[in-house]
Amino acid sequence: MANRTIIPFGPQHPVLPEPIHIDLVIEDEQVVEAIPSFGFIHRGLEKLAEKRDFTEFTFIAERICGICSYIHGMGYCQAIEAVMGLQIPERATYLRTMWSELSRIHSHMMWMGLLADAFGFENLFMACWRLREGVLDVIEETSGGRVIFGAAKVGGVRRDVSDEVLSRIPAQLKIVEDQLRDITNVFRDDYSTRQRLCGVGTLSEQDAYDLGAVGPVLRGSGAKLDTRMEGYAAYDKLDVEPIVETAGDCWARTMVRIREVYQSFDLLRQVIPMIPAGPVDMKVTGAPKGEYAARLEQPRGEVIYYVKGNGGKQLDRFRVRTPTFANIPPLLKMLQGCQLADVPVIVLTIDPCISCAER
Amino acid sequence: MKKSPFKMTKVALENLFRRPATVPYPLERKPMYPATRGHIAIDKDKCILCLICDKRCPTGAIKVDRIGKTWAIDRLSCIQCNYCVEVCPKKCLWMENLYATPTQEKLAFVVPIPYTPPTPKPKAAATPPPQRRQPPHQARRPDNAKGSAIRNRD
Ligand code: SF4
Ligand code: SF4
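Line order of the protein sequences matches chains A and B.
Residue numbering for the first sequence follows the numbering used here, starting at 119 and increasing by one per position.
Residue numbering for the second sequence follows the numbering used here, starting at 372 and increasing by one per position.
Isolated chain B (complex conformation) (with noise of 0.2 angstroms):
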């Protein structure tokens, strides 16, 4: 216990000599733990656009159109919590292990659920609109989309 200035000199000559302590990026990628929360990934034939995590979401990240049939997520808005994945009645949502690839729109992941609502409105049943057809990526933003079952947030 007494001062000495060469207390740093035998931490300061390891790292001077050991390997960097970073894993040499994009060579070699640092596996991920079972664990880690990396993004939301949906089984579209499971679901039955039932809303729940929708409503549940904590920052509004997921939105479900019924009467388009997609089930869109904003992956920057997701803040990885889980929640979705725990009220799903159908278990259809789980959480991947990788982060989730970058992007410049926000809601750029959009999944058309096959699944039909056996008491669809009559209003929603008669024509669906022809532009619905279009792929997702096309597909109009379900929160100007008619009907869309957006939460009003405050």
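Bound-form chain A, shown alone (with noise of 0.2 angstroms):
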């Protein structure tokens, strides 16, 4: 039997811009156990809740993550309203589905940027930010911002987007979705990135559905769960099927995220003409006293918001359950069997947001 080493995969590595760290355990060049720690940028989120105004945490809630930031503070919204017991305009229903299904098609583009570079591609890479670019205009143009919308707010939206804006959006889109056919090609079929992705990293269905993965990790393995099913928001409306592939290895992750972009743009296309006229926020009065736990699927997959309110204008708890942090027990399994050069491609493939998971 080889020798056991440890190697320390972070939390200064170059594929990952956030601080995790790995103990990789190997023999020879094979990874048989892998021994997370945590806890590098944890900010105190949860806590800083009890210190805020209810209505004044959506900011805070927005900037738990960077990118699917629109995403986490619609949850947080959502929750709020659920224990105040609000109905909140349809118009901003639907603004909200819209900017939830944008923030999707941005974070998976700028992901399959990430992953492209993590196994060498540079040219993809750029291929895939400078086409994020375009979502990302779109987005500037109907919230104000680039990746921090601040578009959420307790009843309803911050902003309203006007017709002319809103019926501007498919062409622009249009224009991203066609060059983007090109490079998800790449991924598909070209023969590096099979190379480096096909067979690698696998996880089974089961051992995906124990293991409480999320997300485009879980439907990569072949089960077929996605929030947005539940219907909150305006989906209920739409016609969300999950996006399902049985491979359970990276390259079948990679295809969930890129099928997932082109279903965006689907939704998008039927989400925007479908908008009513009326008005996008409403007056909120009183305080949240209760509790509520809201689920949505972000682009990384399930996150679960909790409120606890007491009645008074601070929250007595607040708890998000991100992605990332539900992600990380099936990662350590794919770990298990792989070779030490593939570690960070399959650490890409989970999308992990580091900072989100420790909020």
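Hints are computed from structural coordinates only; laboratory data are not their basis.
Note that CB positions come from ideal geometry on N, CA and C, so glycine has one too.
Honestly, I wouldn't trust all of these hints.
[What the hints assert, rightly or not] Covered stretches of chain A, going by a simulated chain B footprint (3 or more residues, C-beta under 8 angstroms): (1) 242-254; (2) 259-265; (3) 297-308.
[Unchecked claim] EDC-like cross-link-like pairs, simulated, lysine to aspartate or glutamate; straight-line CA separation at most 16 angstroms: (4) 426(B) <-> 174(A); (5) 426(B) <-> 399(B); (6) 165(A) <-> 434(A); (7) 401(B) <-> 199(A); (8) 381(B) <-> 296(A); (9) 407(A) <-> 255(A).
[To be verified] Chain B side only, calculated, beta carbon under 8 angstroms to chain A, not exhaustive: (10) 383; (11) 386; (12) 408; (13) 410; (14) 426; (15) 453.
Build the complex: two chains, separate frames, hints provided.
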């Protein structure tokens, strides 16, 4: 039997801009065990909820993550609205849906670039990020921000979008979508991409389910679960079908995300003409009393917001279970038995957002 | 759906012969969208020094001094959340779509407000301290000023 060695991965590693530390126990070149350690960037956001006005905390919730910022803010608002029994205006639910899907597209396109970068495909990385600008432009034009939308608000949305801007969006996105085809074909068919992704980091459906995987990691292993099917915001009026791949390897997870981008383009085409006229927010009076857990589908998977109010302006307890946090145990399982050189790629395929995981 | 080593070639060749995707700044500038959140601007004639924006700003970027009659914003702390614009009772704040200019000082943007509060406290109304008449850039930073209205943040 070969000697066992421990190789530290992170907290500073070229593939991840964020700090997570994994001790890789290896035998020759093969990883036999992965032991994570956390806590490099804990921000204490959950405690902060007890000190801030609950409406003001929306801004902090939006900044839990820099990439899925909008859905964080929206999830928090949804939880508060449920506690307070607010029925938000219909236009706001549609706008929320639209922004969620835009944020999914930009997040997935960013991730595709990062993945290409992780296996050394610089050219592809640049191409993905160049196209992502087109989506960021749409986001900026509608919400005013590029990555932090700042559009979430308890009781609706903070900004209305004029019909003229809305009518322009499908054409703008169509340009991005058409150019994206060439790039996603590379992910699907290119020899080097397939060499790096196929059969690497396989996770069986049972393992994915048992270990609590969420989002593309879960769907890449064949489970047909997508929180959007619960029909929050305006998803109940749209035709959402979970995107499932069965192989469970890195390539399957990549394909899930790529197909989700096209699904999001499709959902946007559905949702934008459906946006009704009317107010976008409502007056919120009183304070939350009671508790609620809201579930939403983020680009990285299911996220859970738990809020508990005692009738005061500050919340008693706020908790968020981010998708990366749920995807760490499946990641450790995937790492067992892989080659050391594949570790960065496997870590990247869960789309890790360590800052979210540590809140 | 078959493996091919040349899938990227088309994209790479296009990249090679296309104009740069970026704008040749500063010769050309990308126009800002009307909705872009750039920086907060104030109409100083309308402000009534009510302190609401100061109290509500989530980052504590706005400092309003009722006695010194100034409205100041720390552009580096402002997160462009638009909350002050929404809460201002006089609607004298708005969001400009150009990003704030670079600055070296934290509270570089101090606006003297002409409005006089109708019922000034006797203490404040007595004799305005002479240094208040200095131009704003020489004025003392409001967080050191006597009677400043800064909330003590935790
Ligand atoms: S935009 Fe937000 S952070 Fe900036 S000054 Fe106004 S309230 Fe404060
Ligand atoms: S800017 Fe508006 S909210 Fe702020 S002190 Fe002046 S009037 Fe009040």
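Outcome of the hint check:
Residues of the stretch 242-254 of chain A with a Cβ under 8 angstroms from some Cβ of chain B number 5, which satisfies the need for three, so the listed coverage holds. By the rule of at least three residues with a Cβ nearer than 8 angstroms to a Cβ of chain B, the coverage given for the stretch 259-265 of chain A holds, with 5 such residues. Three residues within the 8 angstroms Cβ limit are the bar, and the stretch 297-308 of chain A against chain B gives 7, so the coverage statement holds. The suggested pairing of residue 426(B) with residue 174(A) holds, with an alpha-carbon distance near 11 angstroms, which does not exceed 16 angstroms.
For the hint linking residue 426(B) to residue 399(B), the alpha-carbon distance of about 40 angstroms lies beyond 16 angstroms, and the restraint is violated. Between the alpha carbons of residue 165(A) and residue 434(A) the distance comes to roughly 9 angstroms, so the proposed pair stays at or under 16 angstroms and holds. This hinted pair does not check out: residue 401(B) and residue 199(A) have alpha carbons roughly 39 angstroms apart, beyond 16 angstroms. Between residue 381(B) and residue 296(A) the alpha-carbon distance is near 14 angstroms, which keeps this suggested pair within the 16 angstroms criterion.
A threshold of 16 angstroms between alpha carbons decides the hint, and for residue 407(A) with residue 255(A) the separation of about 39 angstroms lies outside it, so the pair is violated. Given hint, residue 383(B) at the interface with chain A, holds; its Cβ is 6 angstroms from that chain's nearest Cβ, closer than 8 angstroms. With 8 angstroms as the threshold, the beta carbon of residue 386(B) comes within range of chain A, its nearest partner Cβ sitting at about 7 angstroms, so the hint holds. Contact between residue 408(B) and chain A, as hinted, is supported at the beta carbon level, the nearest pair being about 4 angstroms apart and thus within 8 angstroms.
The beta carbon of residue 410(B) is not positioned within 8 angstroms of any beta carbon in chain A (closest approach about 12 angstroms), and the interface hint is therefore violated. Against a cut-off of 8 angstroms between C-beta atoms, the interface hint on residue 426(B) is violated, since the closest Cβ of chain A lies about 10 angstroms away. Nearest Cβ of chain A to the Cβ of residue 453(B): about 6 angstroms, under the 8 angstroms cut. The hint holds.
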